[in-house]
Amino acid sequence: MPTKVAIVGVGHTTFRATSPGLSYKELMFEAATRAYADAGLDPRGEIDSFLTCSEDLAEGTSIFDEYVPDQIGGAERPVYTVGGDTIQGMATAYMQIASGIVGVVAVEAHSKASNLETPGALHAFALDPVFVRPLGFNAHALAGLEASMYLSSSGNSREQCAHVAAKNRRNALANPSAAHAAAVNPEDVLASPPAFEPLSDLDVSAPADGALVIVLATEERAKKLKRQPVWVRGIGWATVGGLTAADGASAAYARSAAEMAYRMAGIRDPRREIDFAEVDDTYSFKELQHLEALGLFGRGRAGPATAEGATARDGDLPVNVSGGSLGVGQLFEASGGQRVIEAVAQLRGEAGPRQLKKTKTGLAQSWRGVPTGTGAVVVLSRE
Amino acid sequence: MRRVAVVGAGLTRFMRRAQESGTELSWLAASQALASCGLGLKDVDSVAIGSAPDAFDGVHMKGEYLTPGAGGWGRPVTRPYAGGGTGVLMPIHAWHHVASGLFDVCLVVAEEKMSTCHPHPQGAFVTIFDNFLERPLEPNLIWIFALEMQRYMQTYGITKEEIALVSVKNKRNALDHPSAQVAEEITVKDVMESEVMVSPVNRLDVSPVSDGAAAIVIAAEDVARRLTDKPVWLDGVGWNLDTAYWTNRDLAFPAYVERAARMAYKMAGITEPRKQINIVEPYDPFSYKELHHLEGLLLADKGGAPKLTADGVTQRNGDMPVCPSGGLLGVGNPIAAAGLMKVAEIFWQLRGEAGRRQVPGQPKVGLAQAWGDLMQVGTVVVMRVD
Numbered sequence: 001m002p003t004k005v006a007i008v009g010v011g012h013t014t015f016r017a018t019s020p021g022l023s024y025k026e027l028m029f030e031a032a033t034r035a036y037a038d039a040g041l042d043p044r045g046e047i048d049s050f051l052t053c054s055e056d057l058a059e060g061t062s063i064f065d066e067y068v069p070d071q072i073g074g075a076e077r078p079v080y081t082v083g084g085d086t087i088q089g090m091a092t093a094y095m096q097i098a099s100g101i102v103g104v105v106a107v108e109a110h111s112k113a114s115n116l117e118t119p120g121a122l123h124a125f126a127l128d129p130v131f132v133r134p135l136g137f138n139a140h141a142l143a144g145l146e147a148s149m150y151l152s153s154s155g156n157s158r159e160q161c162a163h164v165a166a167k168n169r170r171n172a173l174a175n176p177s178a179a180h181a182a183a184v185n186p187e188d189v190l191a192s193p194p195a196f197e198p199l200s201d202l203d204v205s206a207p208a209d210g211a212l213v214i215v216l217a218t219e220e221r222a223k224k225l226k227r228q229p230v231w232v233r234g235i236g237w238a239t240v241g242g243l244t245a246a247d248g249a250s251a252a253y254a255r256s257a258a259e260m261a262y263r264m265a266g267i268r269d270p271r272r273e274i275d276f277a278e279v280d281d282t283y284s285f286k287e288l289q290h291l292e293a294l295g296l297f298g299r300g301r302a303g304p305a306t307a308e309g310a311t312a313r314d315g316d317l318p319v320n321v322s323g324g325s326l327g328v329g330q331l332f333e334a335s336g337g338q339r340v341i342e343a344v345a346q347l348r349g350e351a352g353p354r355q356l357k358k359t360k361t362g363l364a365q366s367w368r369g370v371p372t373g374t375g376a377v378v379v380l381s382r383e
Numbered sequence: 384m385r386r387v388a389v390v391g392a393g394l395t396r397f398m399r400r401a402q403e404s405g406t407e408l409s410w411l412a413a414s415q416a417l418a419s420c421g422l423g424l425k426d427v428d429s430v431a432i433g434s435a436p437d438a439f440d441g442v443h444m445k446g447e448y449l450t451p452g453a454g455g456w457g458r459p460v461t462r463p464y465a466g467g468g469t470g471v472l473m474p475i476h477a478w479h480h481v482a483s484g485l486f487d488v489c490l491v492v493a494e495e496k497m498s499t500c501h502p503h504p505q506g507a508f509v510t511i512f513d514n515f516l517e518r519p520l521e522p523n524l525i526w527i528f529a530l531e532m533q534r535y536m537q538t539y540g541i542t543k544e545e546i547a548l549v550s551v552k553n554k555r556n557a558l559d560h561p562s563a564q565v566a567e568e569i570t571v572k573d574v575m576e577s578e579v580m581v582s583p584v585n586r587l588d589v590s591p592v593s594d595g596a597a598a599i600v601i602a603a604e605d606v607a608r609r610l611t612d613k614p615v616w617l618d619g620v621g622w623n624l625d626t627a628y629w630t631n632r633d634l635a636f637p638a639y640v641e642r643a644a645r646m647a648y649k650m651a652g653i654t655e656p657r658k659q660i661n662i663v664e665p666y667d668p669f670s671y672k673e674l675h676h677l678e679g680l681l682l683a684d685k686g687g688a689p690k691l692t693a694d695g696v697t698q699r700n701g702d703m704p705v706c707p708s709g710g711l712l713g714v715g716n717p718i719a720a721a722g723l724m725k726v727a728e729i730f731w732q733l734r735g736e737a738g739r740r741q742v743p744g745q746p747k748v749g750l751a752q753a754w755g756d757l758m759q760v761g762t763v764v765v766m767r768v769d
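Going line by line, the protein sequences match chains Y and E. With my numbering, letter number 214 in the first sequence gets 214, and the count goes up by one each step, no holes. With my numbering, letter number 353 in the second sequence gets 736, and the count goes up by one each step, no holes.
Any given hint might turn out to be false.
Ranges between beta-carbon positions, derived for each pair [to be verified]:
#1 E/F515 <-> Y/A141: 32 to 40 Å
#2 E/G484 <-> Y/G315: 31 to 39 Å
#3 Y/P176 <-> E/Q537: 50 to 58 Å
#4 E/G744 <-> Y/E383: 51 to 59 Å
#5 Y/E187 <-> E/D426: 51 to 59 Å
#6 Y/K224 <-> E/T654: 24 to 32 Å
#7 E/R586 <-> Y/P176: 57 to 65 Å
Don't read these hints as lab results, they were simulated from the structure. Here the structure is a predicted model, which is why all the values come from computation and not from measurement. Idealized CB from N, CA, C, for every residue including glycine.
Can you build the whole structure from these sequences, using the hints too?
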């Protein structure tokens, strides 16, 4: 029986295209303050371990964990960085709790993308310095290549990708924390300036700033706190492939991560057992690719299903009602966290205008972006 | 709590400039570690990759880059990171993997390729400092550790000569380590006469810049007992990070090392560390750090570690051997790999497999500790054989 671990508190700032008046420390402080108030916990006495999910070069600071503890209540406590996305951080928290060494863990992630003067150069640094970087690719061009490969091998169409972009940007209109909400139709997406073949501008998520903190606890601690716990029924993560993947651009990392999460959660028929999903849509085609890799739609079926409205807010399997990265903004390692925040709100019945009716079990999925083949999945439920 | 053991270890040479890429260094260490316990990649359930600043290798999301060499493709991989503390954070993070029940076998790989950074890796360290308050001063690590060394010396009345004995001991110990980069027979006089870097730090007080990798295999109890008749149990883990504002802290004593040590001691049932810990590998990037950390680990009185050194207590044949490996001062300092090298040393020592470095008396309980960030993080593991 997997250990019962719950999310007992969440807090976040709004997600905005820029945050000129605030440093990353102040964003983290706000998210942490809100999360601990939500959980009803004093971090100085009641949180046993803290994790931050970040990468040095995106922060502009080496050994970034140095500047983490103070503003999240972790000074003089067990703290370290997970060089991965929020859901990988949550997986680490899960393992710490399940090992019995700690009872309550806070996981932090943020984006201060507006600090990046040369984001293209940053992405280029992630490419293999010997074999790939010298080719002078831009990260988005690599995503374009993957998109072409995915569309041609899955049979989904470029137009269906535009439906994803329009859906998610429109969904974000109902999300007060979204940076890039827009009332756009698929035609607008197709007509937007070309970005990287076959993608157009509106197919590519733009960055945003913001911070979030998620607090996890043992069942015993969760039951003593004021909020209704949201249970981590299953969690999984994997690195499979990447730039040179030979998997027909099928997001094998998402399939592998989902297998692990589903096994833990005892989910045999994900399409029936999962009520809604928040998946990575850094580029519009990724939502389709991920939905298929997660086993929520068959190969080549996610596109038509999207065009028919199956993944709309009032559809059979609502996907990215928060707006996803396309609507909320691309938040680096916090993107997966933003999906979790939405799932928690839905499961608690606190999603306001975005509230879905059927919310017993939700799924959040992340991808670390080009050039990685790394992603994680978490299955959350109300009971 | 599920019992977890180290069952295998591997180590590359530590060198100033490796021809191998970071991925290749990772592969060398990882394949050695697996071979040492008769496992293949198919037996590995999860992988943890450790590496300190991306700025050295010059690759963003360095963990992703190293993954193919570290055996991570097709597996759950994570990269825990705490600056210089990473090398001993690795077994702690891997311990969570197995103790949680999620995985039975975790491969842990630590790599560093500092030579990529031009003109000198020390220059990359300016980026660890606060953008507004510190970077304009253009500090480097030798600077700030010179401040800490001075504070330590002044608080307890310790001389440079007393501290220099650590360099002498460790560089000599390293003559017996096949991976050693800077092993040599030196004297206190040599240390005192070596070039002044930032007073009171002389060149022979400092570990070198290095490339290298280390790897260990961690397994659940039932698997460990099948693989070896001498599993080395990870009985205690502790980690602690202090405030970023190091200028507000008294640098004479590393309180965060004490907190991490207490966490590990409590878990391991160690109530009298000086009696119960047989062999110690504290982090020694600078000569005074070995002393500073011994005190933080509660293995010496505050200001008392120099006397243990002078009395020979910390020699390999002493009552409490410290850095029998030769430490960072003698073997080298490829940051994350250096810390994991210490864990590997305790592993080999407790199994009686340390060859010419073997301390006598069949030690049963060992401790490895790493340190880093802005004189800020302590990571500690207590390891034991039955």
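Going through the hints against the structure:
1. Distance hint check for E/F515 and Y/A141: the Cβ-Cβ separation is about 36 Å, which falls inside the suggested range of 32 to 40 Å.
2. Here the CB-CB span from E/G484 to Y/G315 is close to 37 Å, well matched to the stated 31 to 39 Å.
3. Hint check: Y/P176 to E/Q537, Cβ distance near 55 Å, so the stated range 50 to 58 Å holds.
4. Distance hint check: the CB atoms of E/G744 and Y/E383 are about 56 Å apart, consistent with the given range 51 to 59 Å.
5. Judged by the Cβ atoms, the range 51 to 59 Å given for Y/E187 and E/D426 holds: they are separated by roughly 53 Å.
6. Distance hint for Y/K224 and E/T654: a CB-CB separation of about 31 Å, consistent with the stated range 24 to 32 Å.
7. Restraint check, E/R586 to Y/P176: a C-beta distance of roughly 58 Å satisfies the suggested window 57 to 65 Å.
Hint check: no violations occur; every hint is consistent with the structure.
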